[in-house]
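Use these hints to put chain D onto chain E, whose structure you have.
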Amino acid sequence: MEQEFTITAFSENSVGLLNRITIIFTRRHINIDSLTVSESSIKGIFKFTIVVRTTKPMIQKVEKQIEKLVDVLKAFSLCTGDIIHQEIALYKVPTEILTASNEVESLVRKHNARILEVTPDYTVIEKTGHKAETQELFDSLFRFGVLQFTRSGRVAITKGKEEYFTQFLKKLDNEKAKVEH
Amino acid sequence: MSDKEDSSQTVRRITGSEGLLLSLIEEGVDTIFGFPGGAIMPVYDLLYNYRDKLNHILVRHEQGAAHAAEGYARVTGRVGVCLVTSGPGATNLTTGLADAMIDSTPIICISGQVHAPLLGSDAFQETDVMGFSMPITKWNIQITRAEEIPSIIAKAFFIARTGRPGPVMIDITKDAQFAEFDFSYSKCEDIRSYVPRPTLNHEHLAEAARLINASRKPLALVGQGVLLSRTEAEVLTLLEKAEIPAAWTLLGKTALPPDHPLNVGMLGMHGNYGPNIKTNESDLLIALGMRFDDRVTGNLSSYARSAKIVHFEIDPSEVDKNVRADVAVIADLRDSLKELLLMINENKHPEWLNQFKSAYQYEYEKVIQKDLYPTKEGLTMAEVIRRINEQTNGNIIMVTDVGQHQMIASRYFTGRSPRSLVTSGGLGTMGFGVPAALGVKTGRPEMMVVAIVGDGGFQMTIQELGTVAQTGAAVKIVLMNNHFLGMVRQWQQLFFDKRYSFTELKNPDFVAIANAYGIAGRCVSKREEMDDAVRQMLTTDGPFLLEIMVEKEDNVFPMVPTGASVSDIRLE
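Heads up: the protein sequence lines correspond to chains E and D, in order.
Sequential numbering from 8 applies to the first sequence in the working numbering.
Sequential numbering from 989 applies to the second sequence in the working numbering.
Don't take each hint at face value.
What the hints assert, rightly or not - Calculated lysine-lysine pairs in the DSSO-like style (CA-CA distance at most 27 Å, straight line):
1. K1175/D - K1364/D
2. K1354/D - K1175/D
3. K1229/D - K1326/D
4. K138/E - K99/E
5. K1229/D - K1354/D
6. K1229/D - K178/E
7. K1326/D - K1205/D
8. K50/E - K1175/D
9. K75/E - K54/E
10. K1205/D - K1175/D
11. K54/E - K1486/D
12. K63/E - K1345/D
13. K177/E - K1143/D
14. K54/E - K138/E
15. K63/E - K1540/D
16. K1229/D - K1345/D
17. K1309/D - K71/E
18. K1540/D - K71/E
19. K54/E - K1309/D
20. K1309/D - K75/E
21. K1345/D - K75/E
22. K1309/D - K178/E
23. K1354/D - K1364/D
24. K1296/D - K178/E
25. K68/E - K1296/D
26. K68/E - K166/E
27. K1326/D - K75/E
28. K71/E - K168/E
29. K1143/D - K71/E
30. K1309/D - K1205/D
31. K1309/D - K68/E
32. K75/E - K1143/D
33. K178/E - K1143/D
34. K1205/D - K1364/D
35. K50/E - K1494/D
36. K1336/D - K1205/D
As the list claims (entries may be wrong) - Reference listing, derived: stretches of chain D covered by chain E, where coverage requires no fewer than 3 residues with Cβ under 8 Å from a Cβ of chain E:
37. 1114–1127
38. 1175–1187
39. 1299–1308
These aren't lab readings, by the way, just hints derived from the structure by calculation.
Here the structure is a predicted model, which is why all the values come from computation and not from measurement.
For glycine and all other residues, C-beta sits at the position ideal for the given N, C-alpha and C.
With the rest of the complex left out, here is chain E:
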């Protein structure tokens, strides 16, 4: 049965690695719903967060094939229940819709969104949340006229106290220490 999975992969900062990772999905005809890459808490190590819909056996194969890449340190496939995740969305609307009535203001309040910039022409609203939540605000603002809309890919952290990757790094250090002694 297909379900949503979030793959997190930790890698060295090497040219072309993103391509190497996406090829694994392409070969198996899996569409990537969202992809975010940024430097992790460890300097020089980059974290990929990839959201896909597929089956459990398939995601396990993909996870191992990603981890097999020379420049990837570790990959994890996580179910939605394993993670806290968030996306950010920006909405540019005409400023006049805020001055015309207080409907937009109440939407901003209701959705826990915030206003980033106001100019005579436009206002930029920011909302963080799950995709459904950022979508809901978009749908609500739509009838007022949204000039621009953009949504980020997913960022996610695991529910365990420590990141799996930190545990992995500690294990790696222990093994190295064992070899050296």
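Below, chain D alone, put in the same frame as chain E:
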């Protein structure tokens, strides 16, 4: 400071090109298969100075260089090296890279690239080498600065030869080849993100041992991993101690002695009857360095339903990829077998073994006897292989191309030593045979090297006869000529109502072509001439082409049709 450290730490100011060659020499390279061109000319210019240390073999097409490097790597255990120019030089390597990737063969391909400032501008002979080689290499990298060359070459060799071996592509811009830098070399021994030798899990190993000890109908599946880890002796000890029959994959063939009583033959589509049928009766499959390729398993939903599966494998991504393992021992076979042997009880399975003997007898009567000792007029490919076996006692390295002759050679060749069969397995690359044989002969010049090719595949890389002639490499080429793309024709006969759509070949006079290159040759179409012709081929100095006019419409049996269960293997 030791002498060794001293030599590698000495700093010298040289060009990137010279740094590349010195780095290769530091890695023990003495042979390069290559083809020059604009973007790699600075390296070729320096190569002229290093002719005494680096034997460069000029191929006729870069695909030939890649296959030659593969052949060289397969039989020497060393890394094969190719050197080519940018653009078409690099793209021509593609098939060889893909072949090396799927067959876990360590090669390093180095291509020249346009000057760094021109990258991405569609310059003359520029192509996106990183992009196209990414899915078919274990690792690839582009070098734009001379000072990166030594550390990247060191890393490339480490990656290519360790863990599950594979191809590495290195693209070097022309300005990096010209630039000067301070050269020093140190070998790569560790990459943080790369685990070539996974840590053995003792609990999994103990569970594997428990299953092996409890099994009443065990069957070992021997793959190329056994040859790559050089654990043929350990595997044999395991098999003998617990009396386990063992079957092999195409690439695992020469891991077991051909006449050992526990060697029950080849797995898969054109494998032997016994191991295929018995896969579905076994209670335990012990997979040793193999990956359950679809040509081995047939229909997965009816594969080994009564067996538990223990999978010994170095590459974690192969575990549960095609067949779900009950126990996976993810480690270098050398590490796992060493401990496993201490945990395995002596055992006997006489009744189980007898079933393989009866199955072989059945196959012998139905297929093998007719193949090896035909009474019909037409010549069979198998009788050619039998004569080569008889005259050489199997003390040769056989290289094959791809197709019917490949399956026949794999079934009947009685190679005595590990790594004495070199063939393109996973990719099934027609055209592999002749250039691979050239690489094999270059790597093992003391061995008799016999390439078995068909008339289809031979013509895909026939230009490498030029390389054979120029190097004088004593490659013996046996051409099984049936005037067809035989394997495709066989499928058309069996599954497409004999509609022979574009499989018949109008062939040239192959012996005349060989002769034109200065290579001796002989064409045989009569059974009574064959022994003499094989003898002439083996005793003639230098290369030789022996063309055998075989039966036009022979089929390879047994056969597991695609999508069928291994139990539904056909003998006719």
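Results for each hint:
Restraint check for K1175/D and K1364/D: not satisfied, since their Cα atoms lie roughly 60 Å apart, outside the 27 Å limit. Between K1354/D and K1175/D, the direct Cα distance comes to roughly 56 Å. Violation of the 27 Å bound is thereby established for this hinted pair. Proposed proximity of K1229/D and K1326/D is supported: the alpha carbons are some 13 Å apart, at most 27 Å. The suggested pairing of K138/E with K99/E holds, with an alpha-carbon distance near 18 Å, which does not exceed 27 Å.
Taking the CA atoms of K1229/D and K1354/D, the gap is about 32 Å. The hint is violated against a cut of 27 Å. Proximity of K1229/D to K178/E is assessed by CA-CA distance (about 36 Å); at most 27 Å being required, the pair is judged violated. At most 27 Å may separate the alpha-carbon atoms for a hinted pair to count; K1326/D and K1205/D meet this at roughly 23 Å. Only pairs whose Cα atoms come within 27 Å are accepted, and K50/E paired with K1175/D is accepted, the gap being roughly 26 Å.
In summary, the hint linking K75/E to K54/E is supported, as the alpha carbons are separated by about 16 Å, within the 27 Å threshold. The suggested pairing of K1205/D with K1175/D is violated, with an alpha-carbon distance near 47 Å, which exceeds 27 Å. Restraint check: the Cα-Cα separation between K54/E and K1486/D comes to about 55 Å, which exceeds 27 Å; the hinted pair is violated. At roughly 42 Å between alpha-carbon atoms, K63/E and K1345/D are farther apart than 27 Å, so this suggested pair is violated.
Among the hinted pairs, K177/E with K1143/D is consistent with the structure: their alpha-carbon atoms are about 24 Å apart, no more than 27 Å. Taken as a hint, the K54/E and K138/E pair is honoured in the structure, with Cα atoms around 20 Å apart against an allowance of 27 Å. For the hint pairing K63/E with K1540/D, the CA-to-CA distance comes to about 49 Å; that exceeds 27 Å, so the pair is violated. Our distance criterion of 27 Å between C-alpha atoms is met by K1229/D and K1345/D, whose separation comes to about 19 Å.
Distance check on the hinted pair: K1309/D and K71/E sit about 9 Å apart at the alpha-carbon level, within 27 Å; holds. Taking the CA atoms of K1540/D and K71/E, the gap is about 46 Å. The hint is violated against a cut of 27 Å. With a C-alpha separation of about 25 Å, the suggested pair K54/E and K1309/D falls inside the 27 Å cut-off, and the hint holds. A hinted pair counts as satisfied when its Cα atoms are at most 27 Å apart, and K1309/D with K75/E qualifies at roughly 13 Å.
Between K1345/D and K75/E the alpha-carbon distance is near 41 Å, which puts this suggested pair outside the 27 Å criterion. Between K1309/D and K178/E the alpha-carbon distance is near 26 Å, which keeps this suggested pair within the 27 Å criterion. Of the supplied pair hints, the one linking K1354/D and K1364/D holds, its CA atoms being roughly 15 Å apart against a limit of 27 Å. At roughly 31 Å between alpha-carbon atoms, K1296/D and K178/E are farther apart than 27 Å, so this suggested pair is violated.
Restraint check for K68/E and K1296/D: the C-alpha separation of about 20 Å stays at or below 27 Å, so the hint holds. Restraint check for K68/E and K166/E: the C-alpha separation of about 23 Å stays at or below 27 Å, so the hint holds. This hinted pair checks out: K1326/D and K75/E have alpha carbons roughly 25 Å apart, not beyond 27 Å. Simply put, K71/E and K168/E have alpha-carbon atoms about 24 Å apart, close enough for the 27 Å limit, and the pair holds.
The suggested pairing of K1143/D with K71/E holds, with an alpha-carbon distance near 22 Å, which does not exceed 27 Å. At roughly 24 Å between alpha-carbon atoms, K1309/D and K1205/D fall within 27 Å of each other, so this suggested pair holds. With a CA separation close to 6 Å, the supplied pair K1309/D and K68/E stays within the 27 Å bound. For the hint linking K75/E to K1143/D, the alpha-carbon distance of about 16 Å falls within 27 Å, and the restraint holds.
At most 27 Å may separate the alpha-carbon atoms for a hinted pair to count; K178/E and K1143/D meet this at roughly 24 Å. Between K1205/D and K1364/D the CA atoms are separated by roughly 39 Å; this puts the pair beyond 27 Å, and the hint is violated. Straight-line distance between C-alpha atoms of K50/E and K1494/D comes to about 64 Å, which puts the hinted pair past the 27 Å bound. For the hint linking K1336/D to K1205/D, the alpha-carbon distance of about 10 Å falls within 27 Å, and the restraint holds.
Under the rule that three or more residues need a Cβ within less than 8 Å of chain E, the assignment of the segment 1114–1127 of chain D holds, with 6 such residues. Using a Cβ-Cβ cut-off of 8 Å, 5 residues of the segment 1175–1187 of chain D lie near chain E, which meets the minimum of three, so the contact claim holds. Proximity of the segment 1299–1308 of chain D to chain E, defined as three or more residues with a beta carbon under 8 Å from a beta carbon of that chain, is established by the 5 residues found.
Violated hints, in rising order: 1, 2, 5, 6, 10, 11, 12, 15, 18, 21, 24, 34, 35; the structure is consistent with all others.
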